[in-house]
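Given chain A, put chains B and C in place with the hints provided.
If you're matching them up, the sequences are chains A, B and C in order.
Those letters in the first sequence? Residues 6 to 375, per this note's numbering, in order.
Those letters in the second sequence? Residues 244 to 400, per this note's numbering, in order.
Those letters in the third sequence? Residues 98 to 301, per this note's numbering, in order.
It is worth saying that the hints were derived from the structure and are not from the lab.
Even glycine gets a Cβ: it sits at the ideal position worked out from N, Cα and C.
Errors might be hidden in some of the hints.
[Stated by the list, open to error] Facing chain C, a subset of chain B residues (Cβ under 10 Å, in silico): (1) T287; (2) F288; (3) L289; (4) T329.
[Stated by the list, open to error] No more than 20 Å apart at the CA atoms, straight line, and that leaves these computed lysine to any residue pairs for SDA-like: (5) K43/A with T380/B; (6) K383/B with P145/A; (7) K224/A with S269/A; (8) K267/A with E305/A; (9) K383/B with P147/A; (10) K115/A with A385/B; (11) K383/B with A152/A; (12) K224/A with F276/A; (13) K383/B with V148/A; (14) K383/B with I110/A; (15) K70/A with L24/A; (16) K224/A with T272/A; (17) K383/B with A150/A; (18) K270/A with I310/A; (19) K115/A with T387/B; (20) K43/A with P269/B; (21) K224/A with W210/A; (22) K43/A with T144/A; (23) K383/B with T103/A; (24) K383/B with R105/A; (25) K383/B with G120/A.
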Amino acid sequence: MYVAVKGGEKAIDTAHQLLAEQRRGDAAVPELTLEQIKNQMTLAVDRVMTEGSLYDRDLAALAIKQARGDLMEAIFLLRAYRTTLPRLATTEPLDTDTMRIIRRISATFKDLPGGQVLGPTFDYTHRLLDFALAAEGDTPVPVPADAAPLEACPRVTALLNAEGLIEPDTAADDADPGDITREPPLYPADRAVRLQTLARADEGWLLALGYSTQRGYAKSHPFAGEIRIGSVDVEIIPEELGFPVRIGSIEVAECEMINQFKGSKTTPPQFTRGYGLTFGHGERKAMSMALVDRALRARELGEDITAPAQDEEFVLSHGDTVESSGFTQHLKLPHYVDFQSELVAVRALRAEYEARRRAAQNGEQESRND
Amino acid sequence: MSATATPLSADQQARQRWIGLLAETPLPVLEAAVTALPQPPRYTFLRTPETGSALVRARSGGTGSRFNLGEMTLTRCAVRLDSGLTGFSWVAGRDRRHAELAAVFDALMQDPALSDSLDRTLITPAEQRRDAARHSTAAKAAATRVDFFTLVRGENE
Amino acid sequence: MTLAASSLTPGFSDAVHQSQAVFRCALTALSRPGQWATVPHLPPAPAPLSAAAAAMILTLADMDTPLWLDPVLSTPEVTGWVRFHTGAPLVSLPEQAAFAVIADCAALTALDRFSLGTAEAPDLAATLIVQLPPQDATSPARTLTGPGIDGSLSLTVSGLPDAFWADREAFAPLFPQGVDVLLTTPEAVCGLPRTTHATLTAAG
Chain A
6 MYVAVKGGEK
16 AIDTAHQLLA
26 EQRRGDAAVP
36 ELTLEQIKNQ
46 MTLAVDRVMT
56 EGSLYDRDLA
66 ALAIKQARGD
76 LMEAIFLLRA
86 YRTTLPRLAT
96 TEPLDTDTMR
106 IIRRISATFK
116 DLPGGQVLGP
126 TFDYTHRLLD
136 FALAAEGDTP
146 VPVPADAAPL
156 EACPRVTALL
166 NAEGLIEPDT
176 AADDADPGDI
186 TREPPLYPAD
196 RAVRLQTLAR
206 ADEGWLLALG
216 YSTQRGYAKS
226 HPFAGEIRIG
236 SVDVEIIPEE
246 LGFPVRIGSI
256 EVAECEMINQ
266 FKGSKTTPPQ
276 FTRGYGLTFG
286 HGERKAMSMA
296 LVDRALRARE
306 LGEDITAPAQ
316 DEEFVLSHGD
326 TVESSGFTQH
336 LKLPHYVDFQ
346 SELVAVRALR
356 AEYEARRRAA
366 QNGEQESRND
Chain B
244 MSATATPLSA
254 DQQARQRWIG
264 LLAETPLPVL
274 EAAVTALPQP
284 PRYTFLRTPE
294 TGSALVRARS
304 GGTGSRFNLG
314 EMTLTRCAVR
324 LDSGLTGFSW
334 VAGRDRRHAE
344 LAAVFDALMQ
354 DPALSDSLDR
364 TLITPAEQRR
374 DAARHSTAAK
384 AAATRVDFFT
394 LVRGENE
Chain C
98 MTLAASSLTP
108 GFSDAVHQSQ
118 AVFRCALTAL
128 SRPGQWATVP
138 HLPPAPAPLS
148 AAAAAMILTL
158 ADMDTPLWLD
168 PVLSTPEVTG
178 WVRFHTGAPL
188 VSLPEQAAFA
198 VIADCAALTA
208 LDRFSLGTAE
218 APDLAATLIV
228 QLPPQDATSP
238 ARTLTGPGID
248 GSLSLTVSGL
258 PDAFWADREA
268 FAPLFPQGVD
278 VLLTTPEAVC
288 GLPRTTHATL
298 TAAG
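Extracted from the complex, chain A is given alone in its bound form (with noise of 0.2 Å):
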């Protein structure tokens, strides 16, 4: 019955070279080299880190060239050679106030303590296709580096939590938080495991569910309360020394929303939180992760759960690139043997339908002969 299993070897072969071939295009045109994807598609290899989960740019630009720019195929790449690194350490957490940022705005506040930094953005640029950047190539107006330094940059929720209007969120470092690559996912997972799946989650399946919140499936009335985008370092304990060392930095994206909450029996009306983090300048995949887990918290906050943004199963089990994209593309895998049973089962039916109509058919004409 299973019929395909040999013989594919040659057209497989045959169809990789092919492949070659047009990832290489006119062979007159120059090759992409890695350094010019690293260096100018940058949000390209921001977005196969984070939901690659590996924090290496040349690896993704090289996933990113290997997969012709097909970025979901790219973090396939990147994840897949995840699997083959022995975890050597497990870093210090991220301490993201003393990122040395190049961008930080919040849209509660005007007057925010340390200002509002723009940065390298897109808001504001009239979405005009750039025929300059056709035609003369890219070549940028130095941007001056004599202004005065910044100042501090406060979290703004800091602020707010001044005043006692948003909910405390404090360490509790009893536990080891849960990680998804080691442990099967349970539900209910706790907060720590779902923004670990959603940091690696597919960035259009949070965008439209953190849309879905606001046009109003899961109320949370959120705002922008801070971005910030910029690096940080990166530290570990060795064994070896017993205290932090510095490994390097890494750029992050970081967004707080900041949520109306009207209170529960126990907790006064305050704000709440959402939170999302990304390696790199994702900015709006961070802003869709905070959105988004702020409304998973709905069971911990006693909100009803009446949205498919809140329902923990179904937001954390079909996000993730690489399960969904695979599971669904193994609808191309042979499903001979599988189609050839349903098949005689539809046979089956179908006779049976047949036989059934022709015996009613043939009652009728029975009892209209009576």
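Structure of chains B and C alone, referenced to chain A:
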């Protein structure tokens, strides 16, 4: 971990500084610094350079409970100089040679005969280079700082 | 806790390729139970840890595998070496261990102290890495049967208490639960997976 609670000794602070800087020093700079040594360092590997990952932790809301954000590549190495001094390195990324040289310099920096000159020629310049790069990035960001003026809506005023 | 760097000895000189070769050796040992396989790379291990057991630890243990060392092996040199090279969390209770390393074979009784896994997740069972004492040929032979053995085969091992063999047999009805064992001499390894039955060979 309780290790962070106890204040570090002056020696530990000094080592913490140079280990962090060596991790961020570009490989060509380290190679040049090896060549510039009075004699090539002789060492054996306690742990050959090995690339793996570090699980990156963060905190909800930046200050709350910990969660796992993702992973990053990390390469580590440990060497022992013929003098007996031991050097370690943990370097973000996958560059084994970088990890090897960072471990060698961690060991050499513990040698009182070399530490002052290495600090002067390698560590402090690395720190200055890093600070200059950070300053330049920060200054460009600061140039995009905006002051919003709220226009009076003019209803009752 | 910080490690004393001064007393550390190296692990594999070529971690990637040597651990791959040793992994192949461990696979062979577990797929051909009862047959001794020479461990291809032997790191300079701190006493009383044997080189073959050390090679297995370097190959199999990492940050995700809790490791239990028996009291004989729980010296600062051995624990420091294991932590330095593998990063494996050292656990104080045998039942927490994914890998357990045993040098005091006479005390290797009550195997149910170790994790037998669960019916749903038999992979959570412990693997015991056992350092055998110097062997003498006068010990009673055992007849091994099971997957990976063509018919039966005879194995003579000295130093393991009767309770060790009795417990293994007592676990048989619990399959797929059970413990896997890697017996080691200083240079070789012999697998006794949970699927292997061992009975005292009838005299004559």
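Hints breached by this structure
none
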